[in-house]
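Trainee: Protein sequence lines correspond, in order, to chains A and B. Oh and the first sequence: position 227 is 509 in the working numbering, straight run, nothing missing. Oh and the second sequence: position 288 is 570 in the working numbering, straight run, nothing missing.
By construction, these hints were calculated from the structure, which means they are not laboratory data. These numbers were taken from a predicted model, which means no experiment stands behind them.
Each pair may be met inside one copy or between any two copies, as identical chains are not told apart.
The list that follows gives simulated cross-link-like pairs (lysine-lysine, BS3-like), each with its CA atoms no further than 30 Å apart:
1. Lys601 / Lys557
2. Lys509 / Lys557
3. Lys443 / Lys374
2 protein chains.
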Amino acid sequence: MSDLSLKPLIAAARGLTPSRQPVWFMRQAGRYLPEYRAVRSKVEFVELCRSPELAAEVTLQPLRRYDLDAAIIFSDILVPCTAMGQTLTFDKGEGPVLSHPVRSAADLSRLKRADAVRDLGYVGDAIAKTKAGLRSDQTMIGFAGAPFTVASYMIEGGGSKTFTEVKRLLFKEPAVFAGLLDLIAEVTCDYLAMQVKSGADALMLFDTWAGQLTGADYRSFVLPVTKRVIAYARTLGVPVTYFPGQGIDRMFELAGLEVDVISVDWRTRLASASKILREVGLEVTLQGNLDPQLLVAPEQVVRQRVRDILLEARQLGLKGHIFNVGHGLLPHTPPESLTWVIDELRAFR
Amino acid sequence: MSDLSLKPLIAAARGLTPSRQPVWFMRQAGRYLPEYRAVRSKVEFVELCRSPELAAEVTLQPLRRYDLDAAIIFSDILVPCTAMGQTLTFDKGEGPVLSHPVRSAADLSRLKRADAVRDLGYVGDAIAKTKAGLRSDQTMIGFAGAPFTVASYMIEGGGSKTFTEVKRLLFKEPAVFAGLLDLIAEVTCDYLAMQVKSGADALMLFDTWAGQLTGADYRSFVLPVTKRVIAYARTLGVPVTYFPGQGIDRMFELAGLEVDVISVDWRTRLASASKILREVGLEVTLQGNLDPQLLVAPEQVVRQRVRDILLEARQLGLKGHIFNVGHGLLPHTPPESLTWVIDELRAFR
Chain A
283 MSDLSLKPLI AAARGLTPSR QPVWFMRQAG RYLPEYRAVR SKVEFVELCR
333 SPELAAEVTL QPLRRYDLDA AIIFSDILVP CTAMGQTLTF DKGEGPVLSH
383 PVRSAADLSR LKRADAVRDL GYVGDAIAKT KAGLRSDQTM IGFAGAPFTV
433 ASYMIEGGGS KTFTEVKRLL FKEPAVFAGL LDLIAEVTCD YLAMQVKSGA
483 DALMLFDTWA GQLTGADYRS FVLPVTKRVI AYARTLGVPV TYFPGQGIDR
533 MFELAGLEVD VISVDWRTRL ASASKILREV GLEVTLQGNL DPQLLVAPEQ
583 VVRQRVRDIL LEARQLGLKG HIFNVGHGLL PHTPPESLTW VIDELRAFR
Chain B
283 MSDLSLKPLI AAARGLTPSR QPVWFMRQAG RYLPEYRAVR SKVEFVELCR
333 SPELAAEVTL QPLRRYDLDA AIIFSDILVP CTAMGQTLTF DKGEGPVLSH
383 PVRSAADLSR LKRADAVRDL GYVGDAIAKT KAGLRSDQTM IGFAGAPFTV
433 ASYMIEGGGS KTFTEVKRLL FKEPAVFAGL LDLIAEVTCD YLAMQVKSGA
483 DALMLFDTWA GQLTGADYRS FVLPVTKRVI AYARTLGVPV TYFPGQGIDR
533 MFELAGLEVD VISVDWRTRL ASASKILREV GLEVTLQGNL DPQLLVAPEQ
583 VVRQRVRDIL LEARQLGLKG HIFNVGHGLL PHTPPESLTW VIDELRAFR
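Isolated chain A (complex conformation):
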């Protein structure tokens, strides 16, 4: 099947033949770009997320430099937490901090059931503004954090290496833990619907920390609510991508997941991911998976790895392949390296 009139990313996500190989980069709008740093020097990160004009501007910046097939709205997976009653700040070099960590039934009861349009409408406005700046063959991607990953920040009050408070709540107060995930799931569904209504052509769900649980705990406590959000997102009529985080362990658990695309971390070979997903019955498009750290390498090394990945994807006979990095771009990424990636990819036959 093929439909050359579809946007390339949408065609690939749907398992149709795209008019060209789609490519975009997680965190393609960000600190590695001087034009982004120029905007950020004037506003705080959270303020930038809240300004439709500025968010649209930085979202479009990488598309002016590079021949990309998608824009992903500039925001943060913790933005919805602010609409539930937590305050989001960023410590210098320390990552996100959320006030009022959720560690008890009382903490949970104080959270608000956010209204996506009223409380998070600025993200929709940013999507609409961005979309007006896209070519018709470029895909506007909306996104959210998956319930467990968002919950892990809400419980810890920020990032964590050991997820101590998350596990404490999960094992000691499983009902509170489940209630929190349910609340996040409801808010996330509304939030994604609002993004599609505002113009998102595709959605992505980031479950960066899904891999921190045992397979059994993920399957019991996390997968059902995650499936619900993904199933709902697909009823919105757009393809949905799930990023299960580092490692392929989670892929063993995904039997029965109805999703369009799985985004593969660079620490997993596409071949391994594809093998396991097929074993559990998932025939999906894969996204990935260049090592974002590779982009410091000399030009020839970068170009070779791009060819390696494209060749691997072709040999695997994937349902579809969206080229991307296996995790977000880093602040020290040399901007010219992305030019080599795209150039090599466009030349690949």
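With chain A held as given, fit chain B onto it using these hints.
Mentor: Showing chain B alone in chain A's frame:
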């Protein structure tokens, strides 16, 4: 085959039937024990590693409390770096810091080819003293970091989230990177030999960060030198355990590795690890893999998970199974939880 006269851990590692289920815990000597904190309140961490008396004392502490099958010598994988010319300190809460990070050929040339006996003999002395305090059925485990994991600290000058300098060296100066791994491998072989000579009955190689590379880079740059160290360690006549870090991705690459035991992180199901290892032709004993964070759970939950793992290991028909956590114990581990684990394990039929 069975040999009830062998120490249980050695029998399990060799694929023989042990007289009882062997169990120990990574980082079983450590901050969660008040008697450890009492010792540490008087000496710095590095000083503790360098004192055979104190290192033996804290190594033996958990064996006085718990019915364990092994002691692992109290030390740190970065101790050999001090013998190569770096200074090791521990920032409060920030983890290890190594002076003189290795980022060029000149940095590499300044490192010393440590003499294990002369420069690291205190670890051997600590092993000998510890062993004198063990029952004959208890195994004395010696250990080292695997070359890549040690190199990653030596290059970064400490821990890292993104391994930026490691990748920079690997991709920009592959010969320096390889030279560093070769030097570490040589020192590590001597270091392990010295530990066996001092009384270690088994050896473990920690490759905590092996999973941070792509499968292709791991296979090209890391696996050959790692295989060399493991092969050498096995010529010392003791069983060798390899811990490839988080995730099972690395297990796809281990074809041809001759090792006795693979230690499995808790984020991987024993079933998945066993399946992949068999697919690549490795029939080995598995060690693991209780989630160390689970130990904050109520007693019944802890006991149930212990039974789950023992049952899973039995159903898999593993060559052997050494019960352990899937990663080191954490400072907030409640000491009584280990009593429940061991009690449940001893009662399991």
